[in-house]
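Student: Please model the complete structure; the sequences and the hints are all you need to start from.
The numbering of the sequence shown is the working numbering, which starts it at 1 and goes up by one.
In case anyone wonders, no lab produced these hints; they're calculated from the structure. All values derive from a computational prediction rather than experimental measurement. Fair warning: there could be bad hints in the mix.
Derived DSS-like pairs: lysine-lysine, alpha-carbon spacing no greater than 25 Å straight-line [said to hold, decoys possible]:
# : residue 1 : residue 2
1 : K165      : K178
2 : K86       : K215
3 : K148      : K160
4 : K237      : K180
5 : K28       : K55
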Amino acid sequence: MTKPGRRKLDKQTWLWTDHVRDKVREKKKQYHAFLSEKTDDNWQRYQIAKKEAKKAVASEKAAHYAELNKKLESREGERYIYRLAKLRNRQTEDIEKFFGINDENGHLLTDRRQTLKRWREYFANISTIEFAHPAIPCAPPVHGRVQKITVNETIAALTKMKSGKATGPDDLAADLWKSKGWNPAGWLTEFFNQVVAEKKVPESWQQSTTIPIWKKKGSPGDCTCYRPIRLLSHSMKIFERIVDSRIRDIVELTTNQCGFVAGCST
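Tutor: Structure representation (structure tokens):
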């Protein structure tokens, strides 16, 4: 689901080659030249450029469909047809600008405030359900006092952070902390040690931005047909990686443990 009013992108990216782009730009250039000075010469130049652009598009389409037919006749043709049909079916689903959602009684809500309220109530309901589990036993510390976080630990955590990811409530991307224009690792190390010493985390670490992603099955108006993802603060993720690394150094995992273990995904 995309934001309402967002421009739909053209899916035929294969058509926009350098040759086609140059011909189309030349056509537009000659057209604007004709508009600024409507002479017979400018009109003829525009007509020639228009024909050249049309010819370039037709040639590119012919080459593309020839390659497509060749691919369909191969062994992978059946699998390719299935993927192509699935893609075309998704493109026909008119949910690009869908914002409404059904309330608890199945009535469609289109008002933005009511929709956000419905989402808030729905996620609050499913997020507060706790399954029965035995109490976590408390044990005395066995590794002494918590040592201060080092710059090397912060750098190691930063290298595991991926660039270009969506930001959390503080709107600070991991790219900022990975920048080499200043000393982010040193600043973060000092900040993390302050958090540990004061036993108090920033308010932005206690918040998240929830994004509902449609599962591509079921009704787009049903909240249960969406899976939520939560965007968290990237600085908190860096801190969590440091804590996670320390825990893994002192905890022994059984060979049956596969979840959240590198190289053991199922």
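Student: Decide, hint by hint, whether the structure agrees.
Tutor: Checked hints:
Among the hinted pairs, K165 with K178 is consistent with the structure: their alpha-carbon atoms are about 13 Å apart, no more than 25 Å. At most 25 Å may separate the alpha-carbon atoms for a hinted pair to count; K86 and K215 meet this at roughly 15 Å. Straight-line distance between C-alpha atoms of K148 and K160 comes to about 20 Å, which keeps the hinted pair within the 25 Å bound. Distance check on the hinted pair: K237 and K180 sit about 19 Å apart at the alpha-carbon level, within 25 Å; holds.
At roughly 15 Å between alpha-carbon atoms, K28 and K55 fall within 25 Å of each other, so this suggested pair holds.
Every hint from the earlier list agrees with this structure, and none is contradicted.
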